[in-house]
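Those protein sequence lines, which keep their order, are chains A and B. Going by this note's numbering, the residue at position 369 of the first sequence is 369; the numbering climbs one at a time, nothing skipped. So the mapping is simple: this note's numbering equals the position in the second sequence, first residue as 1, plus 1000.
Don't read these hints as lab results, they were simulated from the structure. Any given hint might turn out to be false.
Stated by the list, open to error - So these bits of chain B aren't anywhere near chain A, every CB distance computed over 12 Å:
| hint | residue |
| --- | --- |
| 1 | Q1017 |
| 2 | I1044 |
| 3 | R1103 |
| 4 | A1215 |
| 5 | K1255 |
| 6 | V1323 |
| 7 | R1429 |
| 8 | P1483 |
| 9 | E1490 |
As the list claims (entries may be wrong) - Selected chain A positions facing chain B (in silico; Cβ < 8 Å):
| hint | residue |
| --- | --- |
| 10 | V69 |
| 11 | P78 |
| 12 | A93 |
| 13 | E172 |
Where is the CB? At the ideal position from N, CA and C, for every residue including glycine.
2 protein chains.
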Amino acid sequence: MAKRASDNKDGICSRSQDYSQWYLDIIKRAELAEHSAVRGCMVIRPHGYTIWEKMQRELDDRFKATGHVNAYFPLFIPLSFLEREEQHAAGFAKECAVVTHHRLMSQDGRVVVDPESALEEPLIVRPTSETIIWNQYRNWIQSYRDLPLLINQWANVVRWEMRTRLFLRTAEFLWQEGHTAHASEAEAREETTRMLEVYADFAERVMAVPVVKGAKTPGERFAGALDTLTIEGMMQDGRALQMGTSHYLGQNFAKAADVTFLNRDNELEYVYATSWGVSTRLVGALIMSHSDDTGLILPPKLAPIHVVVVPIYRDEDQRQATVSAAHALAEQLRPAGLTVRVDDREGMQPGAKYYEWELKGVPLRLEIGPRDLEQGTVALVRRFLADEQGLDEAAIRKARKAFMPRDQAVAAIPGILEAMQGELLERARRMRSARSRVIDDLDDFGRFFADEGGGFAWVHWAGDADDEDAMARRFETSIRCIPMQDHIPEAARGTGTCIFTGKPSSQRVVMAKAY
Amino acid sequence: MAKRASDNKDGICSRSQDYSQWYLDIIKRAELAEHSAVRGCMVIRPHGYTIWEKMQRELDDRFKATGHVNAYFPLFIPLSFLEREEQHAAGFAKECAVVTHHRLMSQDGRVVVDPESALEEPLIVRPTSETIIWNQYRNWIQSYRDLPLLINQWANVVRWEMRTRLFLRTAEFLWQEGHTAHASEAEAREETTRMLEVYADFAERVMAVPVVKGAKTPGERFAGALDTLTIEGMMQDGRALQMGTSHYLGQNFAKAADVTFLNRDNELEYVYATSWGVSTRLVGALIMSHSDDTGLILPPKLAPIHVVVVPIYRDEDQRQATVSAAHALAEQLRPAGLTVRVDDREGMQPGAKYYEWELKGVPLRLEIGPRDLEQGTVALVRRFLADEQGLDEAAIRKARKAFMPRDQAVAAIPGILEAMQGELLERARRMRSARSRVIDDLDDFGRFFADEGGGFAWVHWAGDADDEDAMARRFETSIRCIPMQDHIPEAARGTGTCIFTGKPSSQRVVMAKAY
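Next up, chain A with everything else stripped away, as it sits in the complex:
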C-alpha cells in the first residue's frame, strides 16, 4: 500500500523512488492544497489551512508575548514607492502583479477592460510591505517617546514566480511580516535577534524541526537589509529549506520615506528598522521534515485532529454498540483539550478509514470492536514510532499498535501525544546529524553531495561573492548561513582554512543544496 507508484492516481510515490513526486502526492492525497485556475496561485484546502491556522495561533501568541501588536496596511503599493530605496527596488521591482486599470465594461457580450479607466500611476500588489508601511510610519513617529513601534501584519503577498511549487514557492502566498521601528541601532539589532529566536523556538518546539540559526552572506541578504538572519531546516532528502528570516534594515527605509525622530538629546535622527517574516512555506517544510511513504506525519501541536476513533462491527447491533462506545470515548478525551473525530461513516471498511487517517497524519487512532466492548479495552495505534530505523513494514505496524483498558488509554493519551511531539524532534535531529559532515577538502565536499546523498556541509569559508558563485556553479550548493557563534556544534568550532580559496577563515559556514 505504502509503496504504490505515483502513476496510480490513488497512491503515493515512495521517497526513495522520487522525493519530489512523493511531496506532491502527499499534498494531493492528504488534501492539503492544489493548483488553481490562476497561474502560480494555490488553493489551500481545509486540512492544509487548519495546519496554517494552528501555526498562526502559536506564532501570534509568541509575537504578542514579546510586545508586538497587529495592524493592517494596503494590498497595493504605488509604483513610485518601489523606487525610493535603491537596493530594495533592484530586488523587488521585477516580477510583480501590476494593476493598471480600475474598470471593466461590456463589449459585444464580453467583459473587457475599459481602456478609459487607466490609473494615473500603476499599483503593485505588495511583494512585501516595507515601502508602504514606512510611508505611514512617517506620521506616527515624532519623538523617541513614540518608539519602539512593534507592529506585525498577517497578509497575502504576490511575487510573480515563474517556476512554482505548492507551499514552497507560489505567486500568491500567506505570511506575517513584522515591521518595527527603533531609536537606536543596538535596540533594532536586538529585536532582529529576538525574532529569529522566536522563529527558532517555534520551529523546534511546535514544528519539531531543528534549525541552524545564522546570518546570510551579503549576496543573499534581503533587498535593502544591512543584515539578514535566517533559520535553516534540513528536509528528509538532505536539502536545506530557509524557514524564516529576520532583517536589520538600518536607517535605509527611514531615509527612503523620510522618517525622523527627536532623540533624547533633542536631535533629529533617522529611525532604525527591522522586518521579519515566515510564510505558508512552513507547511511545505513540515510535510518534508516528518512524513513517510504512507502519508503525512504531523507533530501533535499542529495536528488538526489528534485522535480518530474507529468503531468496528459486523452487524447492526454491533454497529450501534461500538459507535456509541466510540462517541463516549471521544467525550472522555475532549476535556483534555484534544480534537477527537469519531469516524462512524457507514458503507466504508475500517481499513479504508485507517488508510485515510494515516494519510492525513492523525497522530493516534483508537479502534473499538465488539470484543473490546466485552473486555473494556481498546486498540491504540500510533502514527509513527520513536525510531523505525532498521525495522521492516510488518514490524513497524506491529510495534505501533497496543491493546489496553479504555480508562488507561484515556489517561495515557495526553502524555503519549506529548512524547510523540518530542520523538519527532529527536527523529529529525538524528536525521540531520546523520547527514551533517565537517568537511575540509573540496574532493570530499564533491563526493558528499554527488555520491553520499548530501546534507549540511560545515566548511571553512573566506571567499568573496565571486567565489560563492563559482562554488554554486560547480556543486549546485550555496552558503545557507554563517552560524551564530554559540550555535556551532563542538566538532565544527575553531578557525581554519577556506575550503575554496585556501585563505584563513575565522569560522565554518553551512553549505547545502537548497529549496
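Given the structure of chain A, go ahead and fit chain B onto it with the hints provided.
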C-alpha cells in the same frame, strides 16, 4: 473637553454638531484607522485591528461550532470567470482592480511597467469569490456523499469605490466569506437562515447592537442570489447600517461552473449554494452605535483593554508606592481573563491619561493615589452609565465614579464588565425604540424623516421596483428589509395597505435612510 469643535485638531466634534465629522474624529483620535497613500485603501491601526481580531475570534468560533472549516482561495480571478454568471457579471464586472502586467523594468532611472509583460488574460482582484471558489468545487464534488461542503474564507477583497468612508466603504476591506454547497434547496435555505442567525447573535451578544433580521427586496439582492437575508442595525443618527448578509444562490453558480453531483437516486443534479459575509464595516457600526462625544465606547467583549490602572502621585516616594500597587492590582485582575494595562508613563498628568483611555474606549479605570494606599481603597470609574439620559456632564462624571476597598473592586470587576455589556445592548435597544415608528401615512412618513430626525419606519408595502425607486428619490430612504415573521414587533404585525400604492399588503417592511 468633550465638546471641542473639530477645527481643533486634538478634539472631537459633538454628535449633535456634525455626526459625520464626529465619526471621523473618533477614528482619528482613538487611532483606529487612517487613509493611506493609495486611493480608497485604509490602514487599520493596532487599536482598530485588535477590535477586528476580537470580532474574528468570536465569529470564527461560531462558524466552527456550526460545522464550518476555513480554507484559502486565490486573490485573483480570471476576467472570463466573471462572465459565467450573467447577473453576477452585471453586479460585479464594473469597478475592479485589474491586473494586466506581471513585470516592471528600469528605464532612464525610473521603474516602469514592462509592456512586454502583458498577461494573455487580465486578472481581477477578487471583489467576492463565488466564481473562483465554485470553479474549484467542481473537482471536489461528485456525489451527495461529498455534501454539504461548509467552507469559510478570511480574506481581503477590493471594490473600486469612488466615494470612500473609513471602515464603512473602502476600496480594499477585510472580511469573511462563507461558501457552502448542498444537496437540496431545503438544506441550502436552512444554511442561509442559520448563518443569518449566527450574525444576529454575534451582533447582539458581542457587539451589543440590536438588529432587525429580514430579506432584501429583489432589487437589493446580491448579484446572482435568489434570496438575500440581512441584519440591519440602527446607528445613533437614526440611519440604518447593513451589518451582514446571507445569500441563497440556488443552482446559479453551480450551473455557471458546471458543478453537478449524483444524488441519492443516482441522478445527476446541479449543486445548491449559499454565501454569507461580514466585513471590517462592523468596526464602523460598532463605533457609531455606542460612542459618545468624549470618544469611543466599546462593549467589554470587544475591548482591546478591559481595565486601565492609573497611579497618582506627587513625589518619587509616592510614585514608587502607587506604581507598585497598580501593578499588584493588575496581577490580581488578570487571572479572570482580563486585559489590564498599567499606565505608569512618566511626565504625564493623570488627567491626560484619563482623557486618552476614555477616548480609546477602555470600559473601566482604576485610580490609585497615596490615600488609597493608606486606606486599601481604589477609585473605580466606568466609561459610561446604564442610562445617561437627562443628566448633565457633571452629574454623569460623578455617577461614573465609585470608591471601594481594593479587594472588593477585584471581586466585582468581572461582574461589572458583564453588566456593562448588557447595559450597552439595552441602551442601543432604547435608542432604537425611541426612533422606530409604525407609520401608515405618507405625510407622516415625510415628517418623520424631514423634521423628527428619522429612524426605522415600519410601513406596509406592496410596490414594485419602480415604486421603490420613486420612494427613494422622494425621501432618500430605502427598504432595509422585509422582516422575518417572528421578528416583527407587536405593534407592527398584521396586514394592511401599502403606504405608497394603496394596494393590499401582507406585512410591513422597515424603511430608513442608510449608510
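Against the structure, the hints come out as follows:
| no. | hint | result |
| --- | --- | --- |
| 1 | Q1017 | 26 Å, holds |
| 2 | I1044 | 4 Å, violated |
| 3 | R1103 | 6 Å, violated |
| 4 | A1215 | 29 Å, holds |
| 5 | K1255 | 18 Å, holds |
| 6 | V1323 | 18 Å, holds |
| 7 | R1429 | 32 Å, holds |
| 8 | P1483 | 35 Å, holds |
| 9 | E1490 | 43 Å, holds |
| 10 | V69 | 4 Å, holds |
| 11 | P78 | 6 Å, holds |
| 12 | A93 | 5 Å, holds |
| 13 | E172 | 5 Å, holds |
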